[in-house]
Amino acid sequence: MSKIGVFVCHCGENIGGTVDCEKVAQEAAKIPGVEVSTDYKYMCSDPGQTIIKNAIKEKGLDGVVVAACSPRMHESTFRAACSEACLNPYMCEIANIREHCSWVHEKGEATTQKALDLVRMQVEKVKKDLPLSTIKVPVTKKALVIGGGIAGIQAALDIANAGHKVILVEKEPSIGGHMAQLSETFPTLDCSQCILTPRMVEVAQHPNITLYTYAEVEGLEGFIGNFKARIRLKARSVDLEKCTGCGMCTTKCPTKKVPSEFNALMGLRTAIYVPSPQSVPNKPTIDKEHCVYYKTGKCKLCEKVCPTGAITFDAPDEIITEEVGAVVVCTGFDVAPTSEFSEYGYGRYKDVITGLQFERLASASGPTMGEIRRPSDGTVPKKIVFVACAGSRDAAKGRPYCSKICCMYTAKHAMLYQHKVHDGESYVFYMDIRAGGKNYDEFVRRAIEDDGVNYIRGRVARVYERDGKLIVKGVDTLLGGEQVEIEADMVVLATAGVANKGAEDLAQKLHISYDKYNFFAEAHPKLKPVETNTAGIFLAGACQSPKDIPDTVAAASGAAVKVAALFSKDQLLREPVVAVVNRMAPPVFSTCVGCSLCVDICPYSAITMENIKDRGGNVIKTVASINPGLCQGCGTCVAFCRSKSIDLQGFSNEEMYSSVMAALHE
Amino acid sequence: MEKVGLYPGCSLKGSSREYGESVVALARVLGLPLEEIKDWNCCGASSAHAVSKELSLALPARVLSLAAAQGYKELLVPCAACFSRLKTTQHTLMGDDERRKKIEDIIGAEVGGVKILSVMEWLEKYAIDAIKEKMNHPIKARVACYYGCLLVRPSGVIKGDRVEDPQSLDNLVKLAGATPIDWAFKTECCGGGMSIAATETVGKLSAAVMEDATHRGAKAIVVACPMCHSNLDMRRPYINKNMEKATDVPVLYITQLLGMACGLTAEEVSVGRHFVNYKEEEICQK
Amino acid sequence: MDNKDFEPKIIAFVCNWCTYAGADLTGTSRMKYASNVRVVRFPCTGRIDFMLLLKAFAQGADGVIVSGCHPNDCHYTAGNFHARRRWIVLRGLMDFLGIDIRRIRFSWVSAGEGAKWAQLVNEHVETVRELGPYEDYKKAADYLKEGVYNG
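Top line first, the protein sequences correspond to chains A, B and C. Under numbering that gives the first Met the number 0, think of the first position of the first sequence as 0, with each following residue one higher. Under numbering that gives the first Met the number 0, think of the first position of the second sequence as 0, with each following residue one higher. Under numbering that gives the first Met the number 0, think of the first position of the third sequence as 0, with each following residue one higher.
Quick caveat, the hints were computed from the structure, so don't treat them as lab data. Be aware that one or more of the hints could be misleading.
[Unchecked claim] Derived lysine-lysine pairs resembling DSS-like cross-links, with alpha carbons at most 30 angstroms apart:
1) 403(A) x 419(A)
2) 294(A) x 170(A)
3) 106(A) x 3(C)
4) 137(C) x 643(A)
5) 101(B) x 72(B)
6) 3(C) x 396(A)
7) 52(B) x 101(B)
8) 126(A) x 137(C)
9) 52(A) x 126(A)
10) 101(B) x 396(A)
11) 29(A) x 54(C)
12) 137(C) x 525(A)
If you're wondering where the values come from, they're calculated on a predicted model, not measured in any experiment.
With the hints as extra help, turn the sequences into a complete structure.
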């Protein structure tokens, strides 16, 4: 007969407010096999845990059920407590009577009855539980950082400086990300490149960092401490070893009119190109889509002029496999294009640009060398309108969220414009000014008060072109809803920050969750902001939600610390939730018939067929064998096995059956 | 070709007779089978929904019900206001079973599922080839296609793909040889039903539309809405006062323009009924 | 039959990563739903042996919910696809056995879809309430006991 302890938590009023906890404990005491049943205000507190520990010791319990919050919250807490009282931690189960009961149902008999049922289900499960021991797995002390923007750079440097190897993968030909495109940064107006480029160089030179640019992660297998990443090194048609970065090829390339991605399509580049003068690595890549040779089979001018013979036409993509122990995802964001905005001309007006394009205009290294000039005719705009919340906080556009950075960069843009065009007039249409942050609101006030930027609280209904001017029709809600019409020379839309184009695809490759806007989901919105729900994979930066630079850097360092903490151990303890094939001694008695169905359906290739031999070396039976290091405990094989020869520890057939039967207890 | 039902509504029988006549004339010359549905009633226009929600749904529901009962699969609704009311009613009732049952109870018949077509949808679906074939008097002028509000809004009901910059009229006038101008007031309000109650306001709003169209060199304004037509045409003195200059740019229905391009005479499409004279030599190359 | 006051017993077989977490979110968002459901947590819908679903009916469940991650979002890559295939097979079997297939609701609820979970439970409780209690198995068992054959 089992000796099970049931411990019902009130969680203050959270459970106790709707569930009669005392009654649940009393009723649970009547379940056969329950030795002790009690309730307490806060089971997770120190005195609460002591109640459990004492009961285990005094009554010699062989199983514990804690009726409290979700196992996602405190399963590990209570299992640790059991462990301290010398009870195998896997003999402890949680009945979720808070998230699944008290918080979702009204106070009443039915709710209390449900709580009791949930307890009963776990009591019956515990009766079938077996003591398990954690699995020890080695840790590969090498991290994979995906994305080479400021988040990836910071995370890579922090991990590398902690003494661990890092592989940094960037899909573009250079690292730097969006931050490299920015002109100045708020709230200090220091030059973005001046603070970023030293970091980029540091990455390239760090002995612990292996940098793969123009590369993408193709797939990730394995688990915390033991991932295997497949990385596609896209053929850049230039041998980085031989190339000296002299630039002969880019000056001679006949295709000179390709819109430059680095300049947010505002400037032009050649088909063989280096994204920017500060690129790392500062060596060119051939853009196959625009290269004359790749299009027509003729040209190869770059090959002729290259003094070191570094051009390698027709080299195939290379796929490499790297073993890593942890992954930090830092793939950043994108800005919504102006073409999304029908009311502002579907991207047809050249002088309606995005905030990112304005950054390039304002940047000293940009297409206009830092002068604000209209893309249409190159003149200096004398009147400029900034539209905040273009596509953000707009349910009609499918994005009810705030893009967070726009209020600040719009203030910065208006300020930069006023500093560069002294006789210019600037207007900002806004909904609210969200300037929470150190020195942020002061910065916005400076734009308004010192630099004379006209802030108009209201939305812009339409922008249209007329006689070379952009007519901006909006409303000033602070002036009693008066309609405002401004004849502007240029309009800058603070378009929404959106998830990167490939975000969904990458999330599926990495098996991490993402929200409906394709931003990656953190494990807990407050307490686990840099973790994902997949152990060993961490997040940093704007791939999670729009973030400014300080927040991004903080998150990246946070993720790096998590990685370093993981790498501080030589072995990891893993939950013993793994599949096992029944193998009574002698092993020939296994019910496994060797059909090998499970081998094919295992997503982790953890199952192989093993030949059992007699003393003479003759094969007498072939049975499935599971590698507990590779098994992730999904249990697909259990449901698939025709002869019920595989079971999943912690979620065994008996445990689940008992649990379901208990739920239907009369 | 299956017959399409025609719901003219009151405008096409009254103040905008020329629209109704030109729709019928165009259908005839293009060989499109069209038949006025029997026993139709007012759609409720701009007044019913200001008085009673139920009435504003029941009136159009009866029209839809008649069309379905008389065996039509598709119903052409040339008047933009009728089109809007009928579409809105269908949209509301299809998404709300309870309300549909109630309205069906009031009108004593099932609403049915007739497909509502605007003039543009009708022409796009059935007339493209016929226009290309019959076109013998290409229109060479630059014209401004003016949609107003009722043909494109609310976007959730009408479900056009370019709400702020619709293209259907533009594409049709291109077929007739005309050049549609790119302008900014395609979907702005003309003042609509305020024509009598607040004529000054209508004059101001319509003047803004007219001003942008003429400024960009339009020789005619092409519409598919009796309300837009009457405001831009009949309220021209108010418009001129607001623009501080006299404009004589005519306002034509799309059916009149296409009809003339396909060889109908000015009389056959009733352009003579307009307040602002239509000048054949400027628009049509005969 | 008027089943207005009938409170069906529903067992929900859910995966740990998406739907269990989604149901947790329903809780943290304090959304209310019918208390008829008892959730059984599995690591993955791919783990769910569908025989257990039939066992639940045999034991007196009036309805069953199976819910996991959306297609392509499975924590274990493909477990939910296996579950989906099994569901297609099970549907045929249930039909053959004479169990109304409306008694099982197969769905995807992600960790972010707290509201969807509440809606799913409420809808299914309503569906099963209209269908009435599931008594066929019990009747069949009684027949067996009493030696009645061919009904």
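Taking the hints in turn, this is what the structure says about them:
no.	hint	in the structure
1	403(A) x 419(A)	holds, 26 angstroms
2	294(A) x 170(A)	holds, 23 angstroms
3	106(A) x 3(C)	holds, 21 angstroms
4	137(C) x 643(A)	holds, 27 angstroms
5	101(B) x 72(B)	holds, 24 angstroms
6	3(C) x 396(A)	violated, 42 angstroms
7	52(B) x 101(B)	holds, 12 angstroms
8	126(A) x 137(C)	holds, 27 angstroms
9	52(A) x 126(A)	holds, 19 angstroms
10	101(B) x 396(A)	violated, 34 angstroms
11	29(A) x 54(C)	holds, 25 angstroms
12	137(C) x 525(A)	violated, 49 angstroms
The structure fails hints 6, 10 and 12 (numbered hints given earlier, in ascending order).
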